[in-house]
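J.: One-letter residues, chain by chain:
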Amino acid sequence: NAGVMQNPRHLVRRRGQEARLRCSPMKGHSHVYWYRQLPEEGLKFMVYLQKENIIDESGMPKERFSAEFPKEGPSILRIQQVVRGDSAAYFCASSPGLAGDTQYFGPGTRLTVL
Amino acid sequence: QQQVKQSPQSLIVQKGGISIINCAYENTAFDYFPWYQQFPGKGPALLIAIRPDVSEKKEGRFTISFNKSAKQFSLHIMDSQPGDSATYFCAASMGKKLTFGTGTRLTIIP
Numbered sequence: 001n002a003g004v005m006q007n008p009r010h011l012v013r014r015r016g017q018e019a020r021l022r023c024s025p026m027k028g029h030s031h032v033y034w035y036r037q038l039p040e041e042g043l044k045f046m047v048y049l050q051k052e053n054i055i056d057e058s059g060m061p062k063e064r065f066s067a068e069f070p071k072e073g074p075s076i077l078r079i080q081q082v083v084r085g086d087s088a089a090y091f092c093a094s095s096p097g098l099a100g101d102t103q104y105f106g107p108g109t110r111l112t113v114l
Numbered sequence: 001q002q003q004v005k006q007s008p009q010s011l012i013v014q015k016g017g018i019s020i021i022n023c024a025y026e027n028t029a030f031d032y033f034p035w036y037q038q039f040p041g042k043g044p045a046l047l048i049a050i051r052p053d054v055s056e057k058k059e060g061r062f063t064i065s066f067n068k069s070a071k072q073f074s075l076h077i078m079d080s081q082p083g084d085s086a087t088y089f090c091a092a093s094m095g096k097k098l099t100f101g102t103g104t105r106l107t108i109i110p
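Line by line, the protein sequences are chains G and X.
51 is the number that this note's numbering gives to position 51 of the first sequence; each next residue is one higher, with no gaps.
67 is the number that this note's numbering gives to position 67 of the second sequence; each next residue is one higher, with no gaps.
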């Protein structure tokens, strides 16, 4: 059973460009979470999605960031007009959707904004 | 408050020794407390987790001690090995959102 997959693993963008990060959850998992990790810091929650629904986006910046988890295909975290402060590791996690279940993390996408 | 405070920031332990990492939380509504291990360039991997109705949980060399009244929990790694060298994060959740501590960089020396 493949784990959570994220791509690309590394992404370089210039200021003002768009960054699109993809996450394929573990097989059978219907819940996806996105976290951001700045250098030397812990992970910060961004958004929690189920198929076709955003459940909790309380950690998402109000502007430039959006997330989706369509009925078919991976979850996408989209950052428009990137700035240097967006440089970080972005981790996706998934869970089966049961109450209190474990979140399994992917390897992350390391975004560098030049 | 949603904060989880973790200490120490870094820890050096001799091989065979006990590594202890502490966390404290503020929100009494938290009901799930996992510990994650992260190696450089990798995603966090669940190590062990506990719920507040239990004061201790042991899995192999890893033990969580939980003090509900003090709102503190700790990770103990017995017989620490060089392969345990990694960054460890405590976390707490209420529902689905994990709130992480700032991490402890553990180094096991021969």
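Incorrect hints may have been included.
[Unchecked claim] Here are the in silico distance ranges between beta carbons for each label pair:
| hint | chain 1 | residue 1 | chain 2 | residue 2 | range |
| --- | --- | --- | --- | --- | --- |
| 1 | X | Ile12 | G | Ile55 | 25 to 31 Å |
| 2 | X | Gln14 | G | Leu98 | 39 to 45 Å |
| 3 | G | Arg78 | X | Pro82 | 21 to 27 Å |
| 4 | G | Pro61 | X | Pro8 | 27 to 33 Å |
| 5 | G | Val12 | X | Lys42 | 16 to 22 Å |
| 6 | X | Pro40 | G | Ser30 | 39 to 45 Å |
| 7 | X | Met94 | G | Leu38 | 20 to 26 Å |
| 8 | X | Ala29 | G | Pro61 | 33 to 39 Å |
| 9 | G | Pro96 | X | Lys42 | 31 to 37 Å |
| 10 | X | Pro110 | G | Gln50 | 44 to 50 Å |
| 11 | G | Lys44 | X | Leu46 | 16 to 22 Å |
| 12 | X | Pro110 | G | Ile55 | 19 to 25 Å |
| 13 | X | Gly17 | G | Arg20 | 27 to 33 Å |
| 14 | X | Pro40 | G | Arg78 | 25 to 31 Å |
In short, the hints are calculated from the structure, not lab data.
Every value quoted in this text rests on a predicted model; they were computed, and no experiment measured them.
Ideal Cβ positions, reconstructed from N, Cα and C, are used throughout, including at glycine.
J.: Take the hints in turn and mark each one as holding or not.
T.: Hint-by-hint comparison with the structure:
1. X/Ile12 to G/Ile55: 25 to 31 Å: violated, 41 Å
2. X/Gln14 to G/Leu98: 39 to 45 Å: For G/Leu98 against X/Gln14, whose Cβ atoms are near 41 Å apart, the range 39 to 45 Å holds.
3. G/Arg78 to X/Pro82: 21 to 27 Å: The hint (21 to 27 Å, Cβ to Cβ) is violated, given that G/Arg78 and X/Pro82 are roughly 41 Å apart.
4. G/Pro61 to X/Pro8: 27 to 33 Å: holds, 31 Å
5. G/Val12 to X/Lys42: 16 to 22 Å: holds, 20 Å
6. X/Pro40 to G/Ser30: 39 to 45 Å: This hint is violated: roughly 31 Å between Cβ atoms.
7. X/Met94 to G/Leu38: 20 to 26 Å: holds, 23 Å
8. X/Ala29 to G/Pro61: 33 to 39 Å: violated, 25 Å
9. G/Pro96 to X/Lys42: 31 to 37 Å: violated, 22 Å
10. X/Pro110 to G/Gln50: 44 to 50 Å: holds, 47 Å
11. G/Lys44 to X/Leu46: 16 to 22 Å: Holds: the Cβ-Cβ distance is about 18 Å, inside 16 to 22 Å.
12. X/Pro110 to G/Ile55: 19 to 25 Å: violated, 47 Å
13. X/Gly17 to G/Arg20: 27 to 33 Å: With Cβ atoms ~46 Å apart, the hint is violated.
14. X/Pro40 to G/Arg78: 25 to 31 Å: holds, 27 Å
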